[in-house]
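J.: Spelled out from the first residue to the last, the chains are:
Protein chains: 2
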Amino acid sequence: MTTDIEIAQKCRLKPIDEVAGVLNIACDELELYGKYKAKLTDKIWDRVKDNKDGKLILVTAINPTPAGEGKTTTTVGLGQAMSRIGKNAVIALREPSLGPVMGVKGGAAGGGYSQVVPMEDINLHFTGDMHAITSANNLLSAAIDNHIQQGNKLNIDPRQIVWKRAMDMNDRALRNIVVGLGGKANGFPREDGFNITVASEVMAILCLSSGLNDLKNRLGSIIIGYTYQGSPVTAKDLGVAGAMTVLLKDAIKPNLVQTLENTPALMHGGPFANIAHGCNSVMATRLALKLCDYVITEAGFGADLGAEKFFDIKCRCAGLKPDAAVLVATIRALKFNGGVKKDALNAENVEALKRGIVNLQKHVENIKKFGVPVIIAINHFHTDTENEIKYVEDFCKDMNIEVSFSEVFSKGGHGGADLAEKLVRLTDKEPSHFQPLYDVNLTIKEKISIITKEIYGGKDVLYTGSAEKSIKKIEEMGMDKLPICMAKTQYSLSDNPALLGRPQGFDITVRELKLSAGAGFIVAVTGEIMTMPGLPRIPSAEKIDIDENGVITGLF
Amino acid sequence: MTTDIEIAQKCRLKPIDEVAGVLNIACDELELYGKYKAKLTDKIWDRVKDNKDGKLILVTAINPTPAGEGKTTTTVGLGQAMSRIGKNAVIALREPSLGPVMGVKGGAAGGGYSQVVPMEDINLHFTGDMHAITSANNLLSAAIDNHIQQGNKLNIDPRQIVWKRAMDMNDRALRNIVVGLGGKANGFPREDGFNITVASEVMAILCLSSGLNDLKNRLGSIIIGYTYQGSPVTAKDLGVAGAMTVLLKDAIKPNLVQTLENTPALMHGGPFANIAHGCNSVMATRLALKLCDYVITEAGFGADLGAEKFFDIKCRCAGLKPDAAVLVATIRALKFNGGVKKDALNAENVEALKRGIVNLQKHVENIKKFGVPVIIAINHFHTDTENEIKYVEDFCKDMNIEVSFSEVFSKGGHGGADLAEKLVRLTDKEPSHFQPLYDVNLTIKEKISIITKEIYGGKDVLYTGSAEKSIKKIEEMGMDKLPICMAKTQYSLSDNPALLGRPQGFDITVRELKLSAGAGFIVAVTGEIMTMPGLPRIPSAEKIDIDENGVITGLF
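Top to bottom, those sequences are chains A and B.
Numbers in the numbering used here are just positions in the first sequence, counted from 1, shifted up by 17.
Numbers in the numbering used here are just positions in the second sequence, counted from 1, shifted up by 17.
Don't take every hint at face value.
Identical copies carry no separate label here, and so any pair may be met within one copy or between two of them.
[Unchecked claim] Here are the simulated lysine-lysine pairs, BS3-like style, with alpha carbons at most 30 Å apart:
1) Lys498 - Lys338
2) Lys407 - Lys486
3) Lys462 - Lys201
4) Lys476 - Lys371
5) Lys31 - Lys60
6) Lys60 - Lys170
7) Lys104 - Lys201
8) Lys266 - Lys52
9) Lys31 - Lys359
10) Lys31 - Lys266
11) Lys52 - Lys31
12) Lys266 - Lys560
13) Lys439 - Lys560
14) Lys359 - Lys201
15) Lys490 - Lys27
16) Lys60 - Lys560
17) Lys560 - Lys407
18) Lys560 - Lys170
19) Lys60 - Lys27
20) Lys560 - Lys253
21) Lys386 - Lys462
22) Lys307 - Lys66
23) Lys253 - Lys428
24) Lys60 - Lys104
25) Lys52 - Lys307
26) Lys560 - Lys490
27) Lys531 - Lys201
28) Lys66 - Lys52
Derived by calculation from the structure, the hints in this document are not laboratory data.
Bound conformation, chain A alone (with noise of 0.2 Å):
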């Protein structure tokens, strides 16, 4: 079997200015970065921003599970399809992260013949927005302890310093760790950690920000920590929101990259789908709507994490109006959703399908509540029977959703020429009367609630003594009138990653809550969080390499 790496060293790219072409954007609007990548410039935002708004088409999926649905390579292959029939498409990613990499993620820019390229800068350094988070991400967290040994003239708690470390690698040994030792000159000794460089707050700032100004306001309001007294401090206080959006300079601005068969893909920004809303840029966004007709984006995760954060916490904040939701699955998910273990996958199961297959439903529920219209893509593998197809097809008759079976992943775009017919019929006949779930003047536990109660289907939220008390204090300091951001398991509608399908009667506990009011939205942490992850037995760093050439194997 050809390899994703193998497909994209065979695709013949264009020259970024010919993608940006297409797009109407002149080559002295751009910054290349090599022959295929490209900034796009604010130049292009002050020319084409009275333009009319294209449609925006948010691609979700359901829960993922170990069988994979292939939402990215949908959303890639769904912008080839767009292309292909005749429509003037734009694809808006998140960027990869560079750490997971060198563990045991394949890359993050589809799959098959449905990529986005050059996938090996793409999953490396690609234009250095990461590296430009990092950091501004360290240099607050220099500025802190710099403080604190010049005199602490802010009288800064060192117990209740909460802003963290960013590194872009997985390395656990980086989770828990102690600074500031050596003596005197080597600054007061505390405890820390790093965040893998997109679960830093810098990350979500950068996604949300709609430009330089919003970008320093923004990061000078993130709270570091507290003083003696229990009052916030922020980068502001320290003086440092200036530098870091000098180091955010080129970062903030939208990356062109194209795909396989050449349709433009704007990648940028990459923020976590648990801590953070786990969406692309806003300014990528929104500058894909003034340069095209369709604009296919997506988030994170599953729909109850990734669409409820993108409808409630990006979309409101930017002021966008989806036009369509694509809901990914695959059989195979459905089947280990309703019980199938991984290896049994292959074998027909249309009982395990019926069982599996409220997974799904729940989700179209979910994006119907935001008033957004739903199509379902599924995934289609060679192991799916006929009667499984049937099965599928009639329930989606049943829920009187549309339904297509795409290939895009062996076929890029003409395997999903279907998907995009029934899509562009879709948005033509269905308005979109998209509304947010929760009004955020609400108090955190109403709007926690109701995202329980509405889109995981829950009873009852549970919270922790600790819970409470941080409920309590970002009430006191008049912050609590924002967007709930969920940390939850991606794995279950629930927040216990073994209950699969479409679980009820469950509660949620909320352990911990905490404040990115940079950001503009309040964490709640359910379950275990992971915001640093660590490399496997056998990394796959292990199996990479490079000739004398510069041929690169072994990535993905």
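Got chain A; can you put chain B on it based on the hints?
T.: Same frame as chain A, but now just chain B:
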């Protein structure tokens, strides 16, 4: 007074492909990073590798003083001056580190009317080389801790790990840390620390590598620590040399920028000049020699460290043959060497000049020991008096050395025309008989003794018990036939920063030896060498800002 950044922002940059055109580099041989930065691809080397080499000119200086000597400014100004007098010249410089930009230091790209631009970009993320080096360094660290966590098959002794993590930030709190806290899932606790990226052996390796294969071999040879039995463990043993090379695949390509007067400048690599060799990359220098008649390069700190390592490490390793050296000084700095306090340097003081000029004299003698013709460049200040100038001129005449008073800071290339003319004449009439100072096959102690006596003018070398032990260990490993990289204070010819001028009769104490097996040298540490700077009371970061149009202020 106009600041450096104001001068830089007012200059008319040429598109970088035009600058490349001056070197007969075609547009498709470049990888553009925006309009004014580019990486030079291997294609160029393949095309020009059989060209005759141009002349290699090293710019070095007396021991640095708080008065400032202007070595980089002279390097840039001399490059500009060569163009002015109709010579085909290129500048080969180190690229600056981001960390100090947020601390106290001004830009590391020259000053006044002799700067390399775009200075904001160069001093911020530039083309991402520093970040790539940081990533490669930290991948190795993650692999070490992961290996131990996953069973420690190599039997690495966590107490004997010598490899540190890296960050391009001034952050004293990271000098001494404990990692791996938090229980079984989060690694084994051990002592660790961060170096600033430019102090990483990866940086030294990148700068000494001749290509991708050599880079991979050198990275693989890095000794990360020792087993419980005392055997060395390498990056190759951990299986990550290939992945580290992949992370550096773009960083290894030289960067092309330009001066304020559009002279081409290769800026590539920037290792510390104490624990590393302090010169730009071998690949950039070699390529520059094939592209131009004159290559103006510089080495870190004063000639006792910078020039000695340039000759004994870089030129030896790369088979380079320098044609001349320019020794930079100021009358102010010479007076400082003669005992004048910083705030009294404006007043004429020929006696102090007389006491201090012996520092210059010693460096001239040293450079001659390498068989390299030398010329003196005095950066002219308006406070220099006629008597002082005459004294310097007479002194140089007595030494039979050409001297030029240059005004490149205030006048750009025009202010260096006399220096350029004299330099051209020198290289035309006086052939270089370059040879390194010592034979690498001598013992470690013999090599250190030669450097101490011949270059520093010292008497004996004392070794601590720990240093003696290290020497024995390195000899047992059969790794002692490598050049020595002295880590010594830059402020004095001795290892005592307070001994200015030309100290005599002093001893040097070697505290510690470190084997940089990948870089291919043995570091002999005298005194305290800081490999992670801290931020000052009021860091530059607090003054740096950017407005909504992207205009940066407070950077230098």
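J.: For a quick check of understanding: which of the numbered hints are violated here, in increasing order?
T.: Hints 2, 3, 6, 7, 9, 13, 15, 17, 23, 26 contradicted; others consistent.
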